[in-house]
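Based on the hints, put chain B in the right spot on chain A.
From first to last, the protein sequence lines are chains A and B. Residue numbering for the first sequence follows full-length UniProt numbering, starting at 1 and increasing by one per position. Residue numbering for the second sequence follows full-length UniProt numbering, starting at 1 and increasing by one per position.
Keep in mind that the hints were calculated from the coordinates and are not lab data. Be aware that one or more of the hints could be misleading.
With the C-beta cut set under 10 Å, the calculated list includes, among others, these residues of chain B facing chain A [claimed, not checked]: (1) Gly126; (2) Met127; (3) Thr183; (4) Thr188; (5) Ser194; (6) Leu195; (7) Thr202; (8) Arg214; (9) Leu216; (10) Ala240; (11) Thr242; (12) Asn371; (13) Val411; (14) Tyr428; (15) Ala437; (16) Phe438.
All C-beta atoms, glycine included, are put in the ideal place defined by N, C-alpha and C.
2 protein chains.
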Amino acid sequence: MTTDALHELAEALNDGALTTDDDRLRAATADRSGKVADGLPLAVVDAQSVADVQAVLRIAQAHSIPVVTRGAGTGLAGGAIAGGGEISLSVAAMRRILEVNADDQLAVVEPGIINADLNTALEEHGMWWAPDPASRAISSVGGNIATNAGGLLCAKYGVTREAVLGLDVVVPGGELLRLGRRTVKGVTGYDLTSLMIGSEGTLGVVVGATLKLRPLVPGTPWTIGAQFTDERTAAEACAAITAARIRPAIMELVGGVGLSVLAQYTGADLEGAFVLVQADDHDAEQTANAAAEMLRSFGGVVEQTDDLERAAHLAEIRRQMMPAMESVGTVLVEDVAVPRSRMADMFSICNEIGARHGVTIANVAHAGDGNLHPSFVFPEAEPTEAVWAAAEEVFAQCIALGGTLTGEHGVGVLKARWLRQELGDAQYALQQRIKSAFDPQGIMNPGKMFG
Amino acid sequence: MTTDALHELAEALNDGALTTDDDRLRAATADRSGKVADGLPLAVVDAQSVADVQAVLRIAQAHSIPVVTRGAGTGLAGGAIAGGGEISLSVAAMRRILEVNADDQLAVVEPGIINADLNTALEEHGMWWAPDPASRAISSVGGNIATNAGGLLCAKYGVTREAVLGLDVVVPGGELLRLGRRTVKGVTGYDLTSLMIGSEGTLGVVVGATLKLRPLVPGTPWTIGAQFTDERTAAEACAAITAARIRPAIMELVGGVGLSVLAQYTGADLEGAFVLVQADDHDAEQTANAAAEMLRSFGGVVEQTDDLERAAHLAEIRRQMMPAMESVGTVLVEDVAVPRSRMADMFSICNEIGARHGVTIANVAHAGDGNLHPSFVFPEAEPTEAVWAAAEEVFAQCIALGGTLTGEHGVGVLKARWLRQELGDAQYALQQRIKSAFDPQGIMNPGKMFG
Numbered sequence: 001m002t003t004d005a006l007h008e009l010a011e012a013l014n015d016g017a018l019t020t021d022d023d024r025l026r027a028a029t030a031d032r033s034g035k036v037a038d039g040l041p042l043a044v045v046d047a048q049s050v051a052d053v054q055a056v057l058r059i060a061q062a063h064s065i066p067v068v069t070r071g072a073g074t075g076l077a078g079g080a081i082a083g084g085g086e087i088s089l090s091v092a093a094m095r096r097i098l099e100v101n102a103d104d105q106l107a108v109v110e111p112g113i114i115n116a117d118l119n120t121a122l123e124e125h126g127m128w129w130a131p132d133p134a135s136r137a138i139s140s141v142g143g144n145i146a147t148n149a150g151g152l153l154c155a156k157y158g159v160t161r162e163a164v165l166g167l168d169v170v171v172p173g174g175e176l177l178r179l180g181r182r183t184v185k186g187v188t189g190y191d192l193t194s195l196m197i198g199s200e201g202t203l204g205v206v207v208g209a210t211l212k213l214r215p216l217v218p219g220t221p222w223t224i225g226a227q228f229t230d231e232r233t234a235a236e237a238c239a240a241i242t243a244a245r246i247r248p249a250i251m252e253l254v255g256g257v258g259l260s261v262l263a264q265y266t267g268a269d270l271e272g273a274f275v276l277v278q279a280d281d282h283d284a285e286q287t288a289n290a291a292a293e294m295l296r297s298f299g300g301v302v303e304q305t306d307d308l309e310r311a312a313h314l315a316e317i318r319r320q321m322m323p324a325m326e327s328v329g330t331v332l333v334e335d336v337a338v339p340r341s342r343m344a345d346m347f348s349i350c351n352e353i354g355a356r357h358g359v360t361i362a363n364v365a366h367a368g369d370g371n372l373h374p375s376f377v378f379p380e381a382e383p384t385e386a387v388w389a390a391a392e393e394v395f396a397q398c399i400a401l402g403g404t405l406t407g408e409h410g411v412g413v414l415k416a417r418w419l420r421q422e423l424g425d426a427q428y429a430l431q432q433r434i435k436s437a438f439d440p441q442g443i444m445n446p447g448k449m450f451g
Numbered sequence: 001m002t003t004d005a006l007h008e009l010a011e012a013l014n015d016g017a018l019t020t021d022d023d024r025l026r027a028a029t030a031d032r033s034g035k036v037a038d039g040l041p042l043a044v045v046d047a048q049s050v051a052d053v054q055a056v057l058r059i060a061q062a063h064s065i066p067v068v069t070r071g072a073g074t075g076l077a078g079g080a081i082a083g084g085g086e087i088s089l090s091v092a093a094m095r096r097i098l099e100v101n102a103d104d105q106l107a108v109v110e111p112g113i114i115n116a117d118l119n120t121a122l123e124e125h126g127m128w129w130a131p132d133p134a135s136r137a138i139s140s141v142g143g144n145i146a147t148n149a150g151g152l153l154c155a156k157y158g159v160t161r162e163a164v165l166g167l168d169v170v171v172p173g174g175e176l177l178r179l180g181r182r183t184v185k186g187v188t189g190y191d192l193t194s195l196m197i198g199s200e201g202t203l204g205v206v207v208g209a210t211l212k213l214r215p216l217v218p219g220t221p222w223t224i225g226a227q228f229t230d231e232r233t234a235a236e237a238c239a240a241i242t243a244a245r246i247r248p249a250i251m252e253l254v255g256g257v258g259l260s261v262l263a264q265y266t267g268a269d270l271e272g273a274f275v276l277v278q279a280d281d282h283d284a285e286q287t288a289n290a291a292a293e294m295l296r297s298f299g300g301v302v303e304q305t306d307d308l309e310r311a312a313h314l315a316e317i318r319r320q321m322m323p324a325m326e327s328v329g330t331v332l333v334e335d336v337a338v339p340r341s342r343m344a345d346m347f348s349i350c351n352e353i354g355a356r357h358g359v360t361i362a363n364v365a366h367a368g369d370g371n372l373h374p375s376f377v378f379p380e381a382e383p384t385e386a387v388w389a390a391a392e393e394v395f396a397q398c399i400a401l402g403g404t405l406t407g408e409h410g411v412g413v414l415k416a417r418w419l420r421q422e423l424g425d426a427q428y429a430l431q432q433r434i435k436s437a438f439d440p441q442g443i444m445n446p447g448k449m450f451g
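Just chain A, with the same shape it has in the complex (with noise of 0.2 Å):
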């Protein structure tokens, strides 16, 4: 039957659009979470068109055959892998930008184009899209909307579910559906699009995108540096900012045990905890005087430019964190977000459990926004009991002060055990009902999400 399946695809396809290539069926079994799926993929789809991936999900319908939908492959939750008897269908090739409307302010493309691609393309119209994750230089739209990413800029510009009017989005059997619209306002119906934003593959598959835009952002940006000798304190000047209605772009908070691996791997004289500001718009420099007020004001040692090479040292300090990670061990980057008032509780929780547990947690914040990368950092290759039991506290920790699991990155595999927890047995549920109104066999992305 599977046979037929994949004869019946090859027939359907064009010429080199499905393979079953030994390292291509391996590479689509892992991305950058570190979890590698089971067993190979049947075949690789290389979608190059919407019809090719209404015909993909015509055929493992009619077969049964799950499918895992896969963009640029950067997931941390390992939400797009692909194991035994699935199909693979990466839309990395769809990548056209099919419309940019500035008198609108909106841009219509396909779900393959990278993120930062996407925003060298819209520079030239004086706009860009706000969702700016960390990856965004290797991330997909399509792989930004599966996730509802996020990133450094969010508090203030929103996540990706602020910057999508509507989605044109392929069912299982074939169906194109074209949800949302291209005006700003609009209640028709139930909104399909938020509905979508986040699912991580597991409903349908985004062929086309409607994104909002936004205009470029006027005047020179001012950064500021601030070093704290403990990161409890450090936490409370961000929450402070906030709390204050200061309104940086960006507000990054680098915790001791990571400048720690920061000190070791640049040599830089490193420690306590790292504040990075960054002030934009008209208003720039006050947004950053007062920020740098209310620093100092809790003890920082400031520094603060509107130098742009200078400004671009200050935020390579964040930007390393990484790397030196990575030269130390292995990396589980976990994704908590708690309310902006409870980070500096955050910070302290992460760093009894590591010491408890004999297991290096750095920590990196989305200050702004109480959004924590708690980042396990360890000499096995995969995680070791010890780190998933100290995981298992941090989230456990997380929704008792009033948080989530996963900020922006996603349920995937790695964090399905603990879905149930979190939205409770009544929601989990009527998720679950939801995804049947969408799949009723299960084949989008199966073991996602609800594990």
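Below, chain B alone, put in the same frame as chain A:
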């Protein structure tokens, strides 16, 4: 069986919560849409608590009795009107503010609280909740959520969906679900919070809302009134302001037919078209200057002021539209939205359709976001065949321009017959399956939205 159900309900609720008084039953059959339900509901329940709502949905489910949730009753699409065989469930008495957390910039409220009352209470915390429908003085937060209400400010500050973090919802059977979260970011499971927003009482009952607040906007606003000789030019001037990336907080456009109705009502010398612009925040004056220059370049006669009394006078021209129209006849307020660049076309189309059908269509637009309110004014008590024929053409033309049937009022009963046309058959069927996932027996607000 119905008698049994009412008896059970009376037992489960506090004395006086269930009423069958004729006046109350009759009031529950109508809202501000002009639509009246057939027959009288079985009873009105004034819920005082989450437990009351749970009791109603438990007993209604057991007896398969339809439930129509009602807030302040100010809906413009007939979404909350209850008729024969139905229970009208009022949450108007559930109006407490449970928490205001300025540090985390959120509030937790019950659904019955009036939008303006909430904002008055938030003011002392230096915060506000952005959704500002024209009905804000009389409409409830729960109703704003049920219709994804917009308003005058939403081109700059977003619609209701962007201002809600989480919802507590009672579903058929009486189970209480906690959807969403208290954090800025989060992607744990499908976004059921967004799905509830704009669902018009067809999925469950919102009994609590965690709202995302904003700090009060600093500074004195600048206001502009601009007179144009024709509305097409005025609409083009407004679109040019958006395209030039000037970001006023408010931009309203009153068309020619509306102005002549207004001139008759007030005795003022008004014709052509009127544009109201308001700019706020630190850059209010700069933004107002840029907007005024653009309006002048399109031939507008501009008055610009930061005097609050004079500003109120200019705003009054827009505000008096509704009483002015009501002084002439019955008013059916429509609510289409088009991409901003097509606004001028939509004005022309409405005029042409009105002239051809001999129907007065006064147009007022939220010009910052392309949301028009073509208001049909007629001497009869109910819309005539000619009015519906004209309305149907307006809807069809709006969809042809890439627009949507309803920007912010909802589908209710008024537009239910056009929903399938906008969504397409496949999406329409999918939306019904999603409805069934929440409400398998179809007891939540039947006949609304889907017709």
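Quick check on Thr183 (chain B) please, does its C-beta sit within 10 Å of some C-beta on chain A? Holds. Min distance 4 Å.
Hint check, Thr242 (chain B) versus chain A [nearest Cβ-Cβ separation less than 10 Å]: 7 Å, holds
Does Thr188 (chain B) hold up as a contact with chain A if the rule is Cβ-Cβ below 10 Å? At 5 Å from the nearest chain A Cβ, Thr188 (chain B) passes the 10 Å test, so the hint holds.
Regarding the hint that Val411 (chain B) lies at the interface with chain A, is the smallest CB-CB distance below 10 Å? This interface hint holds because 6 Å falls under the 10 Å limit.
Met127 (chain B) as an interface hint toward chain A, with CB separation required under 10 Å: Result: holds, 9 Å to nearest chain A Cβ.
Does Phe438 (chain B) meet its interface restraint, that is, does its C-beta lie within less than 10 Å of any C-beta in chain A? Given a least distance of 7 Å, the restraint on Phe438 (chain B) holds.
Is the interface hint for Ala240 (chain B) satisfied, with its Cβ closer than 10 Å to some Cβ of chain A? 9 Å, holds
Taking 10 Å as the limit, does the beta-carbon of Arg214 (chain B) come near enough to a beta-carbon in chain A? This hint holds: Arg214 (chain B) lies near chain A, its Cβ roughly 9 Å from the closest one there, short of 10 Å.
Hint check, Thr202 (chain B) versus chain A [nearest Cβ-Cβ separation less than 10 Å]: Holds - the Cβ of Thr202 (chain B) comes within 10 Å of chain A, reaching about 8 Å at its closest.
Minimum Cβ distance from Leu195 (chain B) to chain A below 10 Å? 6 Å, holds
Regarding the hint that Ser194 (chain B) lies at the interface with chain A, is the smallest CB-CB distance below 10 Å? Result: holds, 3 Å to nearest chain A Cβ.
Does the interface hint hold: is Leu216 (chain B) within less than 10 Å of chain A, judged Cβ to Cβ? Because about 8 Å separates Leu216 (chain B) from the closest Cβ in chain A, which is inside the 10 Å limit, the hint holds.
Hint check: no violations occur; every hint is consistent with the structure.
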